[in-house]
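For chain A, the structure is supplied; the task is to place chain B on it using the hints.
Note that the protein sequences, when read in sequence, are chains A and B. Here our numbering is used: position 46 in the first sequence is 46, and no number is missing along the way. To convert, take the position in the second sequence, counting from 1, and add 171; that gives our numbering.
To be clear, the hints were calculated from the coordinates, so they are not data collected in a lab. Note that beta-carbon positions come from the ideal geometry of N, C-alpha and C, so glycine has one too. The reader is advised that the hints may include incorrect statements.
Said to hold, decoys possible - A partial selection of chain B residues facing chain A, derived with a Cβ cut-off under 10 Å:
#, residue
1, 174
2, 178
3, 179
4, 180
5, 183
6, 186
7, 190
8, 194
Single-letter residue listing:
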Amino acid sequence: MPATVRGGVELRKALKNFAPNLGKETQREIANALKPVVKEAKGFVIESPLSNWAREGGKFPVFNASIVKRGIGYKTTPSKPNRRGFTSLAQIRNMSAAGAIYETAGRRAPGTKPSSRPNFAEAMGPLYGSGKDRGRLIFRAFENDYGNATKAVLKAIDNAGKTFNATVGKR
Amino acid sequence: MANVVIDIATQYTGNPAFKKATNDAQKLEKSVAKLGKQLASVFAVSKLYAFGKASVKAFAEDEKAARSLALALANTGNAFASIEVEKFIGDLQRATGVLDDNLRPAFRTLLTATGDVKKSQDGLALALDIAAGTGKDLSAVSMALAKAYGGQTTALSRLGAGLDKATLKTGDMDVILGQLTEKFQGQALAAAEGYSGSIAKLAVASQNAKEIIGKDLLDSMRMIAGQDGIGGAATAMESFATQIGNAIYGIGVLTTKIKSLPGADFIGRFLSAATQVSGLGALSKFGASSKAASAGTPAQSPGQRKAIDKANADALKLQKSKNSLAVIDNANTTRKLVLTADQQALEELKKKFDVERIGLYTALNEATGAETRARILSLIAIHDNDAALASKAKAELDAAKNISTFADSAARAAALLLQVSYSAGLASFKQSEINSLTGGNTTTTPNPLTQAPLPMPSSPLESFRQSEAKYASYSGNSGSPIIVNVAGSVTTQQDLVTAITQGIYNNQASGIPITYSTVY
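Excised from the complex, chain A in its bound form (with noise of 0.2 Å):
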């Protein structure tokens, strides 16, 4: 469950507009609180998954460790707000197709739909966290991470709000 704040997008905005370097540097920390649980998420990414799934051809997206490594990284600009109109201030990703079918494959009970075959979810290993936010690859890595990078970007956009208050709000 991410952690919800208020005026983080007005703060984004006005230190983009009123103070760039601090702006640059809250970035820069929020970066720095999210590397080491990319880092360890690629760690997970292991060669072959399964024996055919490095197999060319078909439909299905191909495993290939290194696409995979490279689809996981960081966002730390606000995205667009979803469904239930929550902008995210900072994202951990798994972007790649293959990525995706290895972090979450058997999240679904097995014989509800869409579902990954209990066989090839099995295959590929157990599930870490927990509910929905469960997975192999980030959130094994959030997991073990214990809530470190979610207090460092809170803390990162929380002395933003200080700093710019101090300074900017001052003038």
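Showing chain B alone in chain A's frame:
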């Protein structure tokens, strides 16, 4: 696209779907409100118009019925009871909820049959009770009663009033009316006291309101029409139309007459200007525009309309393209003008530092002869590509050439004359010497010029050439004096004399012994 993300920190910025739905709902609300207002206004206007029309119509019908009743009263000798009858009908209307529009015809029917106001009033009251009791129409009941008063009870028997045939057969109206009164008394009042009666009374009140408003509307129209009333207004309108027609005809006749007058053009222009300046011109323009606007377009099928719309859209698009192209063209023209001006400035500067041109101008300044100047000017014109200067230079060059040719001809003529004079002098000298030696016996050689005249030259130059050739052929001959005749106007006499004199001087300078006395 795969979208597996972990949101570290989020902020609620509002659901876009909710926002969109809210905006759409607000827009819809505004649209509905706007439409409602428009509909309300249209409805109000149309209803007001319809109500006014209905009011006038109701009053007109009511007045017509009242007049008809009043006439019936007068015809039956009961004119004095007119007010009383109207009051009775009004009271009955309010009490029973039956419109006077129905009461008056029924009362008139009964009055016609009975000829008595009191009987008619009683009969109308009974007819109302029977109508309320049987559910029959008041006019039908009153007609049946009226026929019964006349001795025809068949219609009365068909009302379903429950009268026995024996009673009807007697034709005694007192008995018949007694039975009917006994059966239906109070039915009308009872009916007027229920909900339906209340509604009927409201309907009566509404109808009366309509009639009152309609009366006021007509009164207002009468007031607008003036003393003569509506009829007067109609007459005035017809008269106005006739006068307008006469005026138009008169203008036509006047125009025809004016055309036949001298200076009609000025009068026509004056009238035209006066029409344009005056209010008549403005009214005419307004009328023309209104007529054009009301003419509209002829009926079109959907396909035609679509095609017209497409054609209009295409034309608009084309016009826009043309406009944009015109803008580009203007910009290019402006740029071209700027470039031309720059180019001209550069050319001027280039001319100032053109070595060849400078040299030509220097040569022109230093040139003394007209032909040389013209030639240099031609070179400058060719160098500058200056057509005007080239034509000027060409003209000067031609003039210089002509002068040069003329001078050359004159010089050659002078030289020839000198030679002729020299030959003549020499021959004379030789003859004198021979005469002195021979003792005066002289032989005169016939002059070939006097024997065979020279052919007429075609030009002065040709003349000189012929003369030169002729005298050259005789230059070796010595003998008699030669008379020189120069044809044409080669030069002036003074110039000729000067040239000959100069030739003689030249001979003297050369040591040739010749004097004026020996020559002439």
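Going down the list of hints, with the structure as the test:
A hinted interface residue such as residue 174 of chain B counts as satisfied when its beta carbon comes closer than 10 Å to some beta carbon of chain A; here the least separation is about 7 Å, so the hint holds. Taken as an interface hint, residue 178 of chain B checks out: its beta carbon lies about 4 Å from the nearest beta carbon of chain A, inside 10 Å. Contact between residue 179 of chain B and chain A, as hinted, is supported at the beta carbon level, the nearest pair being about 4 Å apart and thus within 10 Å. Contact between residue 180 of chain B and chain A, as hinted, is supported at the beta carbon level, the nearest pair being about 4 Å apart and thus within 10 Å.
For residue 183 of chain B, the shortest C-beta to C-beta distance to chain A is roughly 6 Å, which falls under 10 Å, so the interface hint holds. Because the beta carbon of residue 186 of chain B sits about 3 Å from the nearest beta carbon in chain A, less than 10 Å, this interface hint is met. Hint status for residue 190 of chain B: holds, given a least beta-carbon distance of 8 Å to chain A, under 10 Å. With its C-beta approaching chain A no nearer than about 15 Å, residue 194 of chain B sits outside the 10 Å limit, and its interface hint is violated.
In terms of the numbered hints stated before, the structure departs from hint 8 and from no other.
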